[in-house]
Amino acid sequence: MSKTNSGNFFEDFSLGQVIRHATPRSLSAADQALYTALYGSRFALQSSDEFARSLGLPRAPLDDLLAFHVVFGKTVPDISLNAVANLGYAAGVFGAPVYPGDTLTTVSEVIGLKENSNGKTGNVYVRSRGSNQKGETVLDYVRWVMVRKREPGAPAPVPHIPDLPERVALEDLIVPSSLNFSNFDLGLAGAPHRWDDYEAGERIDHVDAMTIEEAEHQLATRLYQNTAKVHFNLHEAKGGRFGKRIVYGGHVISLARALSFNGLGNAVKLLAINGGAHTAPSFAGDTIYAWSEVLEKWALPGRDDAGALRLRTLAVKGKPAGDFPDKAADGGRDPAVVLDLDYTVLLPRAG
Amino acid sequence: MSKTNSGNFFEDFSLGQVIRHATPRSLSAADQALYTALYGSRFALQSSDEFARSLGLPRAPLDDLLAFHVVFGKTVPDISLNAVANLGYAAGVFGAPVYPGDTLTTVSEVIGLKENSNGKTGNVYVRSRGSNQKGETVLDYVRWVMVRKREPGAPAPVPHIPDLPERVALEDLIVPSSLNFSNFDLGLAGAPHRWDDYEAGERIDHVDAMTIEEAEHQLATRLYQNTAKVHFNLHEAKGGRFGKRIVYGGHVISLARALSFNGLGNAVKLLAINGGAHTAPSFAGDTIYAWSEVLEKWALPGRDDAGALRLRTLAVKGKPAGDFPDKAADGGRDPAVVLDLDYTVLLPRAG
Amino acid sequence: MSKTNSGNFFEDFSLGQVIRHATPRSLSAADQALYTALYGSRFALQSSDEFARSLGLPRAPLDDLLAFHVVFGKTVPDISLNAVANLGYAAGVFGAPVYPGDTLTTVSEVIGLKENSNGKTGNVYVRSRGSNQKGETVLDYVRWVMVRKREPGAPAPVPHIPDLPERVALEDLIVPSSLNFSNFDLGLAGAPHRWDDYEAGERIDHVDAMTIEEAEHQLATRLYQNTAKVHFNLHEAKGGRFGKRIVYGGHVISLARALSFNGLGNAVKLLAINGGAHTAPSFAGDTIYAWSEVLEKWALPGRDDAGALRLRTLAVKGKPAGDFPDKAADGGRDPAVVLDLDYTVLLPRAG
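These protein sequences, in sequence, are chains P, X and L.
Letter 151 of the first sequence, counting from 1, is numbered 151 in the numbering used here, and no numbers are missing.
Letter 88 of the second sequence, counting from 1, is numbered 88 in the numbering used here, and no numbers are missing.
Letter 328 of the third sequence, counting from 1, is numbered 328 in the numbering used here, and no numbers are missing.
It is worth saying that the hints were derived from the structure and are not from the lab.
Taking beta-carbon pairs under 8 Å as the criterion, some of the chain L residues facing chain P (in silico):
id	residue
1	20
2	24
3	25
4	103
5	133
6	214
7	219
8	222
9	227
10	229
11	232
12	233
13	234
14	236
Glycine included, C-beta positions come from ideal geometry on N, C-alpha and C.
Given the sequences, and given the hints that come with them, work out the whole structure.
The structure is reproduced here in C-alpha cells:
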C-alpha cells in the first residue's frame with residue numbers, strides 16, 4: 001500500500017469527527033523577523049519588546065496572523081489537500097498571545113457536511129483550535145472548503161450546515177488580561193488616530209501597495225508548513241486552470257493587513273476574524289492595494305483604555321483602491337477585488 | 001600582491017595537508033526558520049521543541065542537512081573555488097546534534113590526489129570534520145572534486161585514491177545517546193509508518209514537487225556562506241556553459257529530503273550520507289520531484305525503540321517520479337535525474 | 001480628514017525641528033541570519049559568538065549596516081516619503097554595538113534647508129540618531145534629500161546649509177572599549193592581511209559579484225521597515241521614469257560591503273560613514289561588482305592591537321571591477337558605477 005498521504009476526500013469525513021493534526025511547530029523571534037521581511041509589518045506591539053512591555057506584556061508577541069497561518073497550515077494535509085476551493089471563514093477568536101518559544105498544535109472537529117448537487121464534491125465545515133504547549137487556545141476558528149469526492153457515486157452523508165454567527169459577538173472577544181493601553185505612545189506607534197477617531201461607515205484607502213514575487217509567497221507558505229501543492233508546483237500548474245502557481249490566500253491577507261498600517265496604525269491587535277472570502281486568485285506579479293471600511297465600533301465593558309473596531313478590509317489587485325472598488329457595474333464583485341475580510345481589532349482609546 | 005583569494009589549484013594541494021577553514025558560524029533558531037521557509041520541512045523532531053523533549057533531547061535540534069550545508073560551505077573558499085565539478089560524497093557520519101547557539105567550524109584533510117589524463121585538472125579528495133564550540137564532531141564526511149591546475153604543465157603528485165566504504169557501516173553510525181523513540185507520537189509526526197513497515201527494495205514516490213526560484217537558491221546558498229560564484233553571478237554565467245546560474249547541489253538535496261516527508265515522515269534523523277552524485281545541474285524554474293528506494297534495513301544493537309534504513313533518494317526535474325525514473329533506455333542515466341543520494345536514516349520501531 | 005500618512009513636504013520642515021520617528025524595532029539573531037542570507041556576509045565578528053568573545057565582546061554583534069538600515073528605515077515615513085532623490089551622507093559615527101535583544105529607535109533633527117531654484121523642490125538636511133533601549137547611541141549620521149514642495153509657489157525658508165566634515169575625524173571615532181584585537185585569529189577570519197599590510201592609495205578589486213533579484217531587495221527593504229514605495233509597487237513603477245522597481249540604495253551598500261570581504265576580510269567593524277552617493281539606480285537583474293581604494297591609514301592613539309582605514313568602495317553594475325571603473329572618458333562618472341561610499345573600518349594590527 002502506498003505510504004504517501006493522498007489526503008481526505010469528502011466521503012472520508014464524518015460529522016463530529018475529531019482530527020489531531022500533525023507537525024507541532026515551535027515559533028521564535030525568527031518567524032516574526034521573516035514575517036516582517038515578507039510583509040513589512042510595522043505595528044509597534046509586534047515590532048518592539050519595549051513597546052509591548054509598556055502595554056503590560058512580557059515581550060513582543062508574534063503577529064496574530066502569523067499564528068493564524070501556522071494554525072491553518074497544520075490543517076491542510078488532513079482537510080484541504082483535495083480541496084477545490086476555500087469557501088469561507090467564521091467565528092475566529094484569538095486567545096492567548098503567541099510568544100517566541102511557544103509550540104503550536106491544531107485539532108479540528110468536523111461540524112458540517114453537505115454534498116454538492118453535482119455529486120462530485122461536497123462542502124466540509126471544520127472548527128479548528130490552535131493551542132500552545134500549555135494547552136491554552138491561541139486561535140479558534142471555523143472554515144469551510146469544497147472537497148472532491150473520491151468516487152462521484154459514493155453515498156452522501158445527511159447534510160448538516162452549522163449555524164455560524166455573522167460576526168464574533170463583543171462578549172466573545174478575548175482581550176489578554178495584562179494588556180493595558182493607558183500608556184500607549186502614539187508617536188512611537190506611528191499613527192495619531194485612536195479608537196475615538198473612527199466612525200462606523202468610514203472608509204480608508206491605505207494608499208500603499210506591494211507586488212508579489214514567486215519566491216516570496218513560496219517562502220511564506222512553506223514557513224507556515226502549508227503543503228497545498230497549487231502554491232509550489234509550476235510544472236503541474238502549467239497544465240492547470242491558470243497556467244501558473246496560485247498565491248496562498250493567507251499571504252494576501254497578511255499583505256492587506258500590513259498595508260492597512262497606513263490609516264489603521266494603532267490597530268495593533270487582532271481580536272477576531274468574523275468572515276472572509278478569497279474572491280479571486282492572486283499570482284506572482286500582481287500588485288496588491290487595500291482599503292478598509294469600519295463596520296462597527298464597540299466600547300469594551302469596564303475598559304476606558306481600549307476599544308474595538310469591526311473592520312472590512314478589501315485587497316485589490318492591479319489598481320489603486322482610492323475609489324474603494326467593491327461592486328462591479330453589474331452588481332457583482334469588482335473582478336479586481338481578491339480578498340474581502342471581516343475582522344475585529346483593538347485600538348487605544350482616549351479614555 | 002593581490003589581497004583577494006584566488007582559491008587553491010590542483011598543484012596547491014598535498015597529501016595529508018590539513019586545512020583549517022575560515023568563518024566560524026553561530027547558528028540559531030533563525031537558521032531553522034529560514035530552512036523551513038526555504039524547503040517547507042515538516043519533520044517533527046526539528047519542528048518542535050516539545051516533540052524533541054518527548055524523545056529525550058533538550059530542545060529541537062537544527063536540521064541535519066542545515067548543519068551539513070554550513071560545514072560544507074566553509075570548505076568552498078579553500079577546496080572548490082576552482083572546481084570544475086563536485087564528483088561525490090562518502091563516509092558521511094552525523095555526530096552531536098546541532099542546537100541553536102552552537103558555533104560550527106570545519107577542518108579538512110587532503111586524503112587523495114590524482115591528476116586527470118588531460119593534464120589540466122586533478123581530483124582532490126578531502127575528509128572534512130565539522131565541530132561545535134565544545135569540540136564535538138557534528139559531521140565527518142569525504143567529498144571529492146575535480147579542480148583546475150594553475151598551470152597545465154605543472155608536475156603531478158603521486159596519485160593516491162583513498163579507500164572509501166560503499167556505505168557507512170552499522171557499527172559506525174552515531175545515535176545520540178539521549179535520543180529515545182519509545183514515546184514517538186506518530187500522530188503528531190504526521191506519518192503512520194514505522195521502521196517495521198518498510199522493506200528493502202521498496203520504492204516510494206513522494207508525489208509532491210517544488211519549483212525553484214533564483215531568489216530562493218541564492219538566499220539558501222548565502223545562508224550557508226557558500227561562496228561558489230556559479231550560483232550568484234548572472235552576468236558571468238550568461239557567457240558560460242549554461243547561460244544561467246547553477247543551483248547549489250545541496251539546495252536540491254534539501255528539497256528532495258523535504259519532499260520525502262510524504263512517505264518517510266518518521267525518518268526524522270539523518271545518521272549517514274553514504275554517497276551521492278549531482279547527476280545533472282538544476283536551474284531556477286525547474287520543478288523538483290523525488291522518489292526513494294529502501295536499500296537496506298538495519299536493527300540497531302541493543303535498541304528496540306528505533307531502527308535504521310539505508311535509502312537512496314533521487315531528485316527528478318520536470319516530470320513526476322511515479323515511474324521511478326533512473327536508467328534511460330540506453331542504459332545510462334535518465335537525463336531528468338539531477339540527484340542520486342545514498343543515506344541512512346533513523347525511524348521509530350514498533351518495539 | 002484622511003487618516004493616511006502623506007509624508008512631509010519641503011515646506012513642512014523647519015530648521016531645528018526634532019522628529020521622533022515611529023516603530024521601535026527589536027532585533028534578534030534572526031535579523032542577522034536574514035542579513036547573511038541576503039548578502040552572504042562572512043565577517044567573522046558578526047558570524048560567530050565564539051569569535052566575538054575572543055575579541056572581548058559578550059557575543060556576536062549584529063552587522064553594523066543592518067543597524068544602519070534599521071535606523072535609516074525609521075526616518076523614511078517622516079523625511080523621505082516625498083523625496084525625489086537621496087543626495088548624500090556625512091558624519092556617520094557608529095557607537096554602541098547592537099546585540100540580539102536590543103530595541104532601536106531613531107530621532108532626527110533638521111539641520112539644514114535650501115529651496116532649489118526651480119521652486120518645486122528643496123533640500124532637507126537631517127541628523128539622525130539611532131539609539132538602543134538603554135539610550136545609548138548606536139549610530140549618528142547626517143543625510144540630505146531632495147524633497148518635493150506641496151505647493152510650488154509656497155514661501156521658502158531662509159537657506160541654511162550645515163557645515164559638514166569631509167570625513168569623521170580620527171578623534172571622533174568610537175571603538176567599543178571592550179573590543180580587543182590582540183587575539184585576532186586570521187585563519188578563522190579567513191584573510192591574511194592586517195592593517196599594517198594596507199597602504200593609502202592601494203586599490204583592491206573584490207572579484208566576486210552578486211545578481212539582485214526582486215524578491216531579495218523587497219525582503220531586505222521590508223526587513224528594515226523602509227516604506228519607500230518605489231521599491232515595492234510594480235504597478236505604479238510601470239508608468240514611472242524607469243518602468244520598474246528601484247532597488248533600495250542601502251541594499252547595494254550591503255552587497256558591496258559583503259563582496260569586499262574578498263580583499264578586506266579582516267575589516268570586521270565599521271567605525272564611520274564619511275560620505276556616499278548612490279550615483280545611479282540599480283534594478284533586479286543587475287549584477288553588482290565592487291572595488292575599493294584605501295584613502296587614509298590611521299593608527300589609533302594608545303592602541304597597538306588595531307588600526308583604522310578610511311576606504312572608498314565603489315559598486316559597479318554589469319561589468320567586472322578589475323579596471324577600477326570610476327571616471328568616464330568625458331571626465332564624468334562611469335555610468336556603470338552605482339555607489340561611491342566613503343567609510344572607515346577597524347582592522348587588527350601586527351602590534
